[in-house]
Amino acid sequence: MTEPFPPTSAIPVPVGSHGSASGGSTLLGYIGIDTIIEQMRKKTMKAGFDFNIMVVGHSGLGKSTLLNTLFKSQVSRRNAGWPRDEKIPKTVEIKSVSHVIEEGGVKMKLTVVDTPGFGDQINNDNCWEPISKYINEQFEKFLKEEVNITRKKRIPDTRVHCCIYFIPPTGHSLRQLDIEFMKRLSHSVNIIPVIAKADTMTIEERQEFKQRVRKELETSGVEFYPQKEFDDDMEDKSDNDKIRETMPFAVVGSDKEYQVNGKRVLGRKTAWGIVEVENSNHCEFAKLRDFLIRSHLQDLKEVTHNIHYETYRAKRLNENGGLHPISSNGTQESNL
Amino acid sequence: MSVNQASAISTVGEGHMTAMELGGLRGLANLPNQVYRKSVKRGFEFTLMVVGESGLGKSTLINSLFLTDLYSKDYPGPSQRIKKTVQVEQSKVLIKEGGVQLTLTIVDTPGFGDAVDNSNCWQPVINYIDSKCEDFLNAESRVNRRSMPDNRVHCCLYFIAPSGHGLKPLDIEFMKRLHDKVNVIPLIAKADTLTPEECQLFKKQIMKEIQEHKIKIYEFPDTEDDEDNKLIRKIKEKMPLAVVGSNVVIEVNGKKVRGRQYPWGVAEVENGEHCDFTVLRNMLIRTHMQNLKDVTNNVHYENYRSKKLAAVTCNGVDNSKVKGQLTKSPLAQMEEERREHVMKMKKMEAEMEQVFEMKVKEKKQKLKDSEAELERRHEQMKRNLEAQYKELEEKRRVFEEEKINWEAQQKILEQQKLDASKSKNLVCVLFF
Numbered sequence: 001m002t003e004p005f006p007p008t009s010a011i012p013v014p015v016g017s018h019g020s021a022s023g024g025s026t027l028l029g030y031i032g033i034d035t036i037i038e039q040m041r042k043k044t045m046k047a048g049f050d051f052n053i054m055v056v057g058h059s060g061l062g063k064s065t066l067l068n069t070l071f072k073s074q075v076s077r078r079n080a081g082w083p084r085d086e087k088i089p090k091t092v093e094i095k096s097v098s099h100v101i102e103e104g105g106v107k108m109k110l111t112v113v114d115t116p117g118f119g120d121q122i123n124n125d126n127c128w129e130p131i132s133k134y135i136n137e138q139f140e141k142f143l144k145e146e147v148n149i150t151r152k153k154r155i156p157d158t159r160v161h162c163c164i165y166f167i168p169p170t171g172h173s174l175r176q177l178d179i180e181f182m183k184r185l186s187h188s189v190n191i192i193p194v195i196a197k198a199d200t201m202t203i204e205e206r207q208e209f210k211q212r213v214r215k216e217l218e219t220s221g222v223e224f225y226p227q228k229e230f231d232d233d234m235e236d237k238s239d240n241d242k243i244r245e246t247m248p249f250a251v252v253g254s255d256k257e258y259q260v261n262g263k264r265v266l267g268r269k270t271a272w273g274i275v276e277v278e279n280s281n282h283c284e285f286a287k288l289r290d291f292l293i294r295s296h297l298q299d300l301k302e303v304t305h306n307i308h309y310e311t312y313r314a315k316r317l318n319e320n321g322g323l324h325p326i327s328s329n330g331t332q333e334s335n336l
Numbered sequence: 001m002s003v004n005q006a007s008a009i010s011t012v013g014e015g016h017m018t019a020m021e022l023g024g025l026r027g028l029a030n031l032p033n034q035v036y037r038k039s040v041k042r043g044f045e046f047t048l049m050v051v052g053e054s055g056l057g058k059s060t061l062i063n064s065l066f067l068t069d070l071y072s073k074d075y076p077g078p079s080q081r082i083k084k085t086v087q088v089e090q091s092k093v094l095i096k097e098g099g100v101q102l103t104l105t106i107v108d109t110p111g112f113g114d115a116v117d118n119s120n121c122w123q124p125v126i127n128y129i130d131s132k133c134e135d136f137l138n139a140e141s142r143v144n145r146r147s148m149p150d151n152r153v154h155c156c157l158y159f160i161a162p163s164g165h166g167l168k169p170l171d172i173e174f175m176k177r178l179h180d181k182v183n184v185i186p187l188i189a190k191a192d193t194l195t196p197e198e199c200q201l202f203k204k205q206i207m208k209e210i211q212e213h214k215i216k217i218y219e220f221p222d223t224e225d226d227e228d229n230k231l232i233r234k235i236k237e238k239m240p241l242a243v244v245g246s247n248v249v250i251e252v253n254g255k256k257v258r259g260r261q262y263p264w265g266v267a268e269v270e271n272g273e274h275c276d277f278t279v280l281r282n283m284l285i286r287t288h289m290q291n292l293k294d295v296t297n298n299v300h301y302e303n304y305r306s307k308k309l310a311a312v313t314c315n316g317v318d319n320s321k322v323k324g325q326l327t328k329s330p331l332a333q334m335e336e337e338r339r340e341h342v343m344k345m346k347k348m349e350a351e352m353e354q355v356f357e358m359k360v361k362e363k364k365q366k367l368k369d370s371e372a373e374l375e376r377r378h379e380q381m382k383r384n385l386e387a388q389y390k391e392l393e394e395k396r397r398v399f400e401e402e403k404i405n406w407e408a409q410q411k412i413l414e415q416q417k418l419d420a421s422k423s424k425n426l427v428c429v430l431f432f
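Quick mapping for you: the protein sequence lines, in order, are chains E and P. So the first sequence is numbered by the UniProt record's numbering: it starts at 1 and just counts up by one. So the second sequence is numbered by the UniProt record's numbering: it starts at 1 and just counts up by one.
Source of the hints: derived by calculation from the structure; they are not laboratory data. Possibly wrong hints are sitting among the right ones.
[To be verified] Derived PhoX-like pairs (lysine-lysine); straight-line CA-CA distance at most 25 Å: (1) P:Lys293 - E:Lys269; (2) E:Lys183 - E:Lys237; (3) P:Lys255 - E:Lys269; (4) P:Lys204 - E:Lys256; (5) E:Lys152 - E:Lys43; (6) E:Lys269 - P:Lys238; (7) P:Lys214 - P:Lys92.
Bear in mind the structure is a predicted one, so any value in this text is a computation, not a measurement.
This is chain E alone, in the form it adopts within the complex (with noise of 0.2 Å):
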């Protein structure tokens, strides 16, 4: 239908303003559906976000180092109060550290999980245990807010939307004990494998490394994020496909700056030579956080909310025949 516009109706407006068009609905043209983006935005800031991550990974491999470096603030738990050597513990412990982290208006809650203990005794059987209980602890935890009578406005999101694997750079394969953790966690969790200390390695060093690893992962069955199965469209499949090519990354994590052909660069200087940690020629730090942050925060938070705690959910459920509503007065008759 090509009606000329009737002089006396709305103009167009741009994003941003006022911007509903009056009228009937004869008038073609621009609604403002659009804005809505704009709409969410606000909320978004306004209201903040949490973000869960969780970091695994023998003692010794950069973890602390690396969280400091990806939010360049220090939010590890080495730096929360606990000392620097302390001893290694007889048991895995479960370490949550919490921070509030301001860019540009966005104020994002990180909270920081780390696992001391894990993979350092003699005998690790089992070490993934502690593990796993925490994260299902925090699903359920969400559950019982999600099933009381009168929720809260914001469910308070303690779920970890992302744990971070740090593979030892032996340069040879998997140890039995990474492959059987991903394997048991890869369900609940998504899991980031990343190889740490990566300037261990000379760059052939590190392909051959990679390539033995992602071929290990993938006859054992393990599905690291992102998971091939979640992904929506071919747009996704081929972004994902091109991160899922390069992955597990090799990264270095530095909290030291130095000087580098006049600009100050986070680095660690060795005898021979300073490695940048942000130079994608040295090692894929640039790529981890771009990844991480830059892209695929949201998502992270979406595949476990919708896909990891729809699982323990729907598990859960099934289990008891279902769960009565708990009533917010306290009293809990629940046959949870």
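Put chain P on the given structure of chain E with help from the hints.
Below, chain P alone, put in the same frame as chain E:
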């Protein structure tokens, strides 16, 4: 040593000996040369054990230390193969340099610390060391001691992963159990992971923990020479040595060096500022190899021996596997040995007979089988032949029948022709 040039050693009073003047170079001073020549002819033996988790660069370090390709692409080191349990493997290599030959045995322990549950992963290692000491003990106690190969482990290099924090519980357990059986030298593997400051901190932390747990690592002996002592003290400060190994030779500033090429620089293996590899090599090969052997012989082996023999004499009944009973006289022992030998021979003979019989049986069976096979085939062929023969008979019969038919037909035809011609003749005759 000629008599007139010999030195006379006089005993004076309390038993001090003073050497009188020597005349000329041929004399006592020549003794070290004689020892040297004999040893060089005999060749040296050295057994080195490397222990550590897989992927710490043990094979690469061995290659770098001895400048050989003990583990190369064609014969990959044990780390390239996945092991479920701890194995102990040994490889021998003969190295010759400047007329001196060294039989180097490298004992590797693949699978150490790699499983999820690593309890008692040190047990195979301990068993190996003990068994080598036992072999030596037995060989020493034999009457016939002509060949006494020394396979005892002289030195154990323990590789510590460069975590930067401290020793792992596994490291501490292992070293505690092995420090009185073998010379343990802890090394920080893949030292190019650490920056110089981190390396210092790490070394301090390790030494503190070693002292805390009272682990007795190999101690460099103090010599009388002050110069050497200074060097030794420097080495002691650097313990544990942080090493880097490499199989690859890279060119740096026109020189060819062993190193690792990174995008940010080349870590040179033999550069003292980059790592302690040269210190390790000098210490292990150039200066302290003999000392390691001596300490093994005098301290660790003697410990083992006294423990073993004390157990034997305490119990009275020897429930261990010591073959050489040292409480008997040599003659009895010789008898014993002879009897052993004879028994061994008999056993071997019996075994061989058994094997032979088995083989004979097999062959007979095979022959029988092939005979049966042949018979069968013969039968089959005969049957085939008969069948063919019958067929042929049949065909012949059919053919005969046809022939008779055909002949009969021919006769009829001829008869007809004759009749026809007769009638024709008749007609012709009639016409004329």
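Comparing the hints with the structure gives:
1. For a cut-off of 25 Å, the pair hint linking Lys293 of chain P to Lys269 of chain E is broken: about 40 Å separates their Cα positions.
2. At roughly 23 Å between alpha-carbon atoms, Lys183 of chain E and Lys237 of chain E fall within 25 Å of each other, so this suggested pair holds.
3. In summary, the hint linking Lys255 of chain P to Lys269 of chain E is supported, as the alpha carbons are separated by about 24 Å, within the 25 Å threshold.
4. For a cut-off of 25 Å, the pair hint linking Lys204 of chain P to Lys256 of chain E stands: about 22 Å separates their Cα positions.
5. For the hint linking Lys152 of chain E to Lys43 of chain E, the alpha-carbon distance of about 18 Å falls within 25 Å, and the restraint holds.
6. Our distance criterion of 25 Å between C-alpha atoms is met by Lys269 of chain E and Lys238 of chain P, whose separation comes to about 20 Å.
7. A distance of roughly 33 Å separates the Cα atoms of Lys214 of chain P and Lys92 of chain P; the hinted pair therefore is violated under the 25 Å criterion.
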